[in-house]
Amino acid sequence: KAGVTQTPRYLIKTRGQQVTLSCSPISGHRSVSWYQQTPGQGLQFLFEYFSETQRNKGNFPGRFSGRQFSNSRSEMNVSTLELGDSALYLCASSLEHSGLLHFGNGTRLTVT
Amino acid sequence: AQKITQTQPGMFVQEKEAVTLDCTYDTSDPSYGLFWYKQPSSGEMIFLIYQGSYDQQNATEGRYSLNFQKARKSANLVISASQLGDSAMYFCAMREAITGFQKLVFGTGTRLLVSP
Numbered sequence: 001k002a003g004v005t006q007t008p009r010y011l012i013k014t015r016g017q018q019v020t021l022s023c024s025p026i027s028g029h030r031s032v033s034w035y036q037q038t039p040g041q042g043l044q045f046l047f048e049y050f051s052e053t054q055r056n057k058g059n060f061p062g063r064f065s066g067r068q069f070s071n072s073r074s075e076m077n078v079s080t081l082e083l084g085d086s087a088l089y090l091c092a093s094s095l096e097h098s099g100l101l102h103f104g105n106g107t108r109l110t111v112t
Numbered sequence: 001a002q003k004i005t006q007t008q009p010g011m012f013v014q015e016k017e018a019v020t021l022d023c024t025y026d027t028s029d030p031s032y033g034l035f036w037y038k039q040p041s042s043g044e045m046i047f048l049i050y051q052g053s054y055d056q057q058n059a060t061e062g063r064y065s066l067n068f069q070k071a072r073k074s075a076n077l078v079i080s081a082s083q084l085g086d087s088a089m090y091f092c093a094m095r096e097a098i099t100g101f102q103k104l105v106f107g108t109g110t111r112l113l114v115s116p
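Protein chains in written order, with our numbering: chain A, 1 to 112; chain B, 1 to 116.
Don't read these hints as lab results, they were simulated from the structure.
Cβ coordinates follow ideal geometry from the N, Cα and C atoms, glycine included.
It is possible that some hints are incorrect.
Unchecked claim - Listed below are the simulated SDA-like cross-link pairs for lysine to any residue, each with C-alpha atoms no more than 20 angstroms apart in a straight line:
# : chain 1 : residue 1 : chain 2 : residue 2
1 : B       : K3        : A       : N59
2 : A       : K57       : B       : Y64
3 : A       : K57       : B       : I98
4 : A       : K57       : A       : H102
Said to hold, decoys possible - The following residues of chain A were derived to be distant from chain B, with all beta-carbon distances above 10 angstroms:
#  : residue
5  : T14
6  : G16
7  : S31
8  : E52
9  : T53
10 : R67
11 : S79
12 : L90
Based on the provided sequences and hints, a complete structural model is requested.
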């Protein structure tokens, strides 16, 4: 069974631009969540989607948004990029009730 | 208040020895889960072991065991017979029932270096 797939692996963007990251969950997993990892703040929860609905959100500004499609694939978008948005963005999927998160390899975003 | 505390920024161990990575947590939710993940330099978070708050026995998964002391609110990871491939960052995380299934709160991590 294929794991969680995140694309692209690396991104370089300029301040003020926007970016979209993609996540394909493990087949059969309907829950997808996103985390941001930075050296200063560590790993922080961004949001969680289930059946195309956001059901949990972390403490991030509105520039961070996401969505989930009917096939459970998810995208997250960051608008008006700031230097502080440089981070490793990790996507995780799980079965509805297991609570066990399976993570992807992440997308490393660099904002210059 | 920090919910997950990992006080060891770095740990060194020789191959084949056992090592304990510390984790303490803070929650008022009686239903919670504790996780340990390994993050190699590639970035992927690899699940190692899980302990539920109502589990009576300490969790074990191969060379990994979790020393769960509920009254002390600690959930230390024990790696037996360390291998060179165990060199990585290790994160302790907690999920509280009240905040939902997928919201994990992570500690700051411990970097483990296994030497030959």
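Hint by hint, here is what the structure shows:
no.	hint	in the structure
1	B:K3 <-> A:N59	16 angstroms, holds
2	A:K57 <-> B:Y64	32 angstroms, violated
3	A:K57 <-> B:I98	13 angstroms, holds
4	A:K57 <-> A:H102	19 angstroms, holds
5	T14	23 angstroms, holds
6	G16	26 angstroms, holds
7	S31	6 angstroms, violated
8	E52	15 angstroms, holds
9	T53	12 angstroms, holds
10	R67	16 angstroms, holds
11	S79	23 angstroms, holds
12	L90	6 angstroms, violated
Checked against the numbered hints listed earlier, the structure breaks hints 2, 7 and 12; every other hint is satisfied.
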